[in-house]
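Asks: The residues making up each chain are set out below.
4 protein chains.
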Amino acid sequence: MLDFEAGLARATANGGIAPEKAAATIEAACRADLYSIEALGREATASGNLAIPLVRALTNEVAKTDPKAAGFVHWGATSQDVIDTGMVLQLRSAWEIFTADLDWLAGALATRAKEYASLAMAGRTWLQQAPPVTLGLKFAGWLDAVDRHRARLREARARVMVVQFGGAVGTLAALGNRGEKIAAALAKELKLELPAIPWHANRDRFAEVAAAMGLLAGTLGKIARDVSLLMQTEVGEAFEPAAPGRGGSSTMPHKRNPVASATVLAAAIRVPALVSVMLSAMVQEHERGLGGWQAEWETLPEICLLTHGALARTAEIVAGLETDAARMAANLKISRGMIFAESVVFALGEKIGRQQALGIVEEACREATSKNRELASVLAEIPSVAGIVSREELAKRTEPGAYLGAARSWIEAVLEAHKDSA
Amino acid sequence: MLDFEAGLARATANGGIAPEKAAATIEAACRADLYSIEALGREATASGNLAIPLVRALTNEVAKTDPKAAGFVHWGATSQDVIDTGMVLQLRSAWEIFTADLDWLAGALATRAKEYASLAMAGRTWLQQAPPVTLGLKFAGWLDAVDRHRARLREARARVMVVQFGGAVGTLAALGNRGEKIAAALAKELKLELPAIPWHANRDRFAEVAAAMGLLAGTLGKIARDVSLLMQTEVGEAFEPAAPGRGGSSTMPHKRNPVASATVLAAAIRVPALVSVMLSAMVQEHERGLGGWQAEWETLPEICLLTHGALARTAEIVAGLETDAARMAANLKISRGMIFAESVVFALGEKIGRQQALGIVEEACREATSKNRELASVLAEIPSVAGIVSREELAKRTEPGAYLGAARSWIEAVLEAHKDSA
Amino acid sequence: MLDFEAGLARATANGGIAPEKAAATIEAACRADLYSIEALGREATASGNLAIPLVRALTNEVAKTDPKAAGFVHWGATSQDVIDTGMVLQLRSAWEIFTADLDWLAGALATRAKEYASLAMAGRTWLQQAPPVTLGLKFAGWLDAVDRHRARLREARARVMVVQFGGAVGTLAALGNRGEKIAAALAKELKLELPAIPWHANRDRFAEVAAAMGLLAGTLGKIARDVSLLMQTEVGEAFEPAAPGRGGSSTMPHKRNPVASATVLAAAIRVPALVSVMLSAMVQEHERGLGGWQAEWETLPEICLLTHGALARTAEIVAGLETDAARMAANLKISRGMIFAESVVFALGEKIGRQQALGIVEEACREATSKNRELASVLAEIPSVAGIVSREELAKRTEPGAYLGAARSWIEAVLEAHKDSA
Amino acid sequence: MLDFEAGLARATANGGIAPEKAAATIEAACRADLYSIEALGREATASGNLAIPLVRALTNEVAKTDPKAAGFVHWGATSQDVIDTGMVLQLRSAWEIFTADLDWLAGALATRAKEYASLAMAGRTWLQQAPPVTLGLKFAGWLDAVDRHRARLREARARVMVVQFGGAVGTLAALGNRGEKIAAALAKELKLELPAIPWHANRDRFAEVAAAMGLLAGTLGKIARDVSLLMQTEVGEAFEPAAPGRGGSSTMPHKRNPVASATVLAAAIRVPALVSVMLSAMVQEHERGLGGWQAEWETLPEICLLTHGALARTAEIVAGLETDAARMAANLKISRGMIFAESVVFALGEKIGRQQALGIVEEACREATSKNRELASVLAEIPSVAGIVSREELAKRTEPGAYLGAARSWIEAVLEAHKDSA
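Residue numbers (the working numbering), protein chains in the order written: chain A, 5 to 426; chain B, 5 to 426; chain C, 5 to 426; chain D, 5 to 426.
Derived by calculation from the structure, the hints in this document are not laboratory data. A portion of the hints provided could be inaccurate.
If several chains are the same, the list does not tell them apart, and a pair holds so long as it fits within one copy or across any two.
To be verified - Result set (DSS-like, lysine-lysine): computed pairs, CA atoms no more than 30 Å apart in a straight line:
1) 118 <-> 72
2) 375 <-> 337
3) 400 <-> 185
4) 400 <-> 195
5) 355 <-> 25
6) 68 <-> 355
7) 423 <-> 118
Please put together the full structure from these sequences, using the hints given.
Replies: See below:
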């Protein structure tokens, strides 16, 4: 907010309103360490927003040096100009961090997708084992989503990084016929774009930031959910990185809790609702609203902080993920071949039709389940199967590595697209 | 969903799996009027999704003509492939409607912005009268937002209009080494893009649609809030179009209720929460999730329907908005010039400093309020003012048309940008 | 809504306004089958609510028999009176269903809590195995929550089951000095309470219903989450009941998907956001609001339907839950005793202090993990342990049944409280 | 949280586990000023929750005095026991504040309802003027809602004010057979109830607090919306209390912004979504969840703070509300009698039927509107009206005070019910 006031002082000096010296004095007073956040916060409750006490404090500070210069503080601006632009400037800093961290995460996911492209593990749908996938395929799916988020942030950037400067009702009438010129100068000072029109009560810009964060938080939550499920004692295929003092229990010495995942999942529960606040708050009255704007003040920063916390934790998880290939191989066997039933259905189906094949294999699955046998053995004993699919082919069809379809091609396609996105 | 099954039949025929004749038979059975929505709905409860009974019904229908062809129905696909792609195809239709209607709305707003560029009315901030704006400026602000929504929909389109086809776990393993080829053929049949990788449990595409709708609903709600406030009996500056049987009261014959605004505002209350459902639902487990996916089924269509309802009502409002220029002029006077206080502050401020000017004018406002007098008269009697600002200039400064600052320039900038967006 | 109109006709007849014969004619026309829902829906779009076309259609229907009687239809009422009271009457029916089904569910949970009071299984915290619990303890925790929901519904009932009748602005002015008398008669006709004051724009009653449903949906979601996690292929301790055509996969014959849990979880994702709609919608303007009231119309029924769907599915799950005690026992062993580490810490801790004990056992856990050994064996070899806890006691301390603490007492306390709640 | 640890130390001493002296040492170290919130916060990020570093710091502090006593810190408890109980203890303090402030607010509303029982003002529905109400009737409607909130808080209190103490998985197994006894002693120490069973993963208690707050915030938002609408420059019937430095504008000296209402409305926008977080977070896994619990930590306090902020601001508004009876009277006239149209319809309707009466008065309203005339004058010239309703009666029927129906009776009924609620 002080950057805005400093920029405005320079812009009004350029525009011939404030004397150069006054602008310099104001600019010199625009240092955060001169003011008490606590005192400003207290006064904001009565005045209704933070800009009013800040402008007052800044004016007093300037007046100490140059009482005349004090008269030029905040010239032509309204509270919302300084608060909104202050938020934009913070978002610009946030964007740099998000962009860098997402680039890093995407790179790490790409490395992992390649590294684990052939590491077979049970696929799981509806939380039930299904035909195999590879760990690399999981990473590729996440990477594909993260690259879309990177594109969304790029696209939103141009809409968001604009100055807010409209004065009381958006007309800059207090500046007479110099409004646009000073607005343009201010934008230039702050290295922001000048929008076609002030946007005091048209809030889609900030709401879009919230939505983009919400989408990202959803993807991060999905990754954390998967990791925490893989980390279950009964699954044990992948683990958050271990570190001293990390994920221990206050009472259970053996525990290694998915603490990073918990943080990410908590964010994925909280952020969607906060996004709905930003969307609900868009209904702002006339030239400047009542309630909606105020609802944004804490909500948008909270969204950014929670989402970035989730992003940082996800980066740690991806960077240090420990995997247990032996456990993956073992888990692929616990269904006694039943996760390969589909493969047999299709082998049979090409000869006898899919519906009939399905019936035969379903019956064999029931038999294998109730007798605790391997599906391949049960199938090999069924004459109508044996005539079509040999015991050898049945064996081959329950090899995880032989039933991965297009997994590798998809991974390559994602990596290719990722390269283009850089 | 039947379009997906028909496309898949053709694609598997092209790929050498299904005989051409079987594909033709399947395609012929992919007509919605052959099936009972109600019966399918009932069966979906037990089976867990709508695809299972639909595929069964389609298979039975095909079997009537050609039992062998029945075996090729839904070849290699999983329930989610057909449900997700069915949703994408519906979204494609929705996109055409939204695009056309938003283009129309933007055009209408542009016309209005031009038409009312000079029609002065009270600006209002925090629901209090403030310096004047023009009705055209309001329209320009809305147009600027609507043009951003149009850009967002364009950008999202490329990410959303893709086929979903991955089979059980996203590998298309049931299709052996023909998976990608058939996937590409299917995408071509349906005139959708082929994504780099199936996206069964990476849901940002659909959540982005929801978010884009939520942003749009927020802007529409803002317009409706403004119109309904302007339509208040005590304000009376603008009105929803009248029509027989529209907006009447069941008991009050004089009423003309803002019924279109009510519908839009109701959508603006409902849609944000539904967006949060889509974001929350993104946390989907492993290869295909449990609960999250199911939560999307009714939510995304509901979001589209509510938002389009709001869009259609807003178009009606904008198309037929009635305005009362006399009332606007009268309302500009009810503050006895006090909404022009800012103008005097700045005129004085350039001479004696803004803070001192503010103090003088605040005191004059109190006097004018308590004595029920015009602000200009009170000011004219204050010697320190009279020496700087003449009675004539004071009078001029309470002319609404003389205190509109950059209003017209902003409108032109928005219209210019709008032209480029077409 | 027709029940309201019939009741109002009788009440106005009792109050000496409408002739008895007119009331009888109106009452006779208050049959839903006389009207087309579709036609009413279409007209509601233009008129702004469903009451206006319904009252018109009812008036026309009455006029066919007795044109004079038609003049007494809807006497003194406003649209919101009939819509709100119609909703209350539907909620009353819903309450009976919810109450009965919750009573049934609580009973079933109580039976299960008793039945499985001693069936040990791994406790799980942060999705990691922890010391044992019993399946009965899980059921007791759920029962305890369900009994609280039953209490909440009882408490809310008295606040909700009231008539809405205030006329245009809540004063019943159209009824002159007979307003209260007729309101009381109407309430009596409908077997609802007469509230102290109409509540057109004070919406906490309906929002409370939504909140109570939201709380219930949360508990049901928790149950479904637990069941679906227990049903994982790698855990396999409990299963939704099987039924033909239930939970199958369109492509994987071996699958038994937790379809009921998916439905419940989807509701637990959707309902919270719908509750937020009802809360947001409470901000209704003046005597009757704009947008907020309309936002309730579909939302509250949707909340009730989704929550009841979840309740019905949960009842099915609880009624038919299949359990695998052998698998529970096996899973208790996969940590090689490490889930009993806490027990050893406390045994040692009483002698050497908890912090020192914790250090020793943590070290032993690391050793057991890296060497793939039983924790008890590792511990038995540590001199400082052996001196305090004998090998026999170590063995005993890794018996699940010996480390259940107050589990049985808690279950009994819950069952006792449940009996009192009946 | 330190109160919990102190209570637990005393309870374990009573239960014969910890020596009395150790308990006293621990209790002495349970003083918040001994610890650095900042340091604890930093460590919590790695450990996953705040209890782990706090217990460690407390243990270290105790060890300074008595290393043996340090071994008894946190005996048998898990992190969630101390965090949840800490939250309950904070809620107990919050409850006292809320209860007192709601009692005060209800009292103030009752005083106002009586004071303004006869002050007529325009009723407003759909933001359009409608027949008159009294300001007292508005207050009575708000009071009626606030009294229901008081009842809800009373009912919820008993469910919420319970200790959480279950150890690792809710069995208190680490305490052997002394679990329940120590749990009961702990509850007694903390003056909380002992629940039938620990509730680590059954979260309806906290979610109910959130829901009760959400309902209250909705009512407060409704009050603030009404006040801010009445305070509009064009309406001017009621005003938030003025105070120096309150509600001013940084650029407009004449402004008196509804700053308290803005704060309340912002809370009414934010709290509903935060409630949905608490409801979504209820789906917690097994014995202690992952993500859901963590999502509650900041959300529930934020809900309480926002709602109490709204409550405090509403109390200020109600306490100091300024009213302008002259403006109310003037506003009752701006429709030229049209808000009394209903009255005429009913007067005519008793003679010629409501539908026919409605038609005549609607036509007269159109005439009065287009000719800018008083409705009574237009009606007096219509022969079919004149024969039934005399010019004198028409005049009387446009007297606000004569068309208030049951307003006074409703107010009295609310005040009567309020007296009983005390």
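Asks: If a hint holds in the structure, say so; if it doesn't, say that too.
Replies: Results for each hint:
1. 118 <-> 72: The answer is neither: 66 Å in one copy and 42 Å across copies each exceed 30 Å.
2. 375 <-> 337: both (16 Å within a copy, 24 Å between copies)
3. 400 <-> 185: between (75 Å within a copy, 24 Å between copies)
4. 400 <-> 195: For residue 400 and residue 195, neither the intra-copy (63 Å) nor the inter-copy (37 Å) Cα distance is at most 30 Å.
5. 355 <-> 25: between (90 Å within a copy, 16 Å between copies)
6. 68 <-> 355: between (93 Å within a copy, 20 Å between copies)
7. 423 <-> 118: within (13 Å within a copy, 46 Å between copies)
Of the numbered hints listed earlier, those contradicted by the structure are 1, 4.
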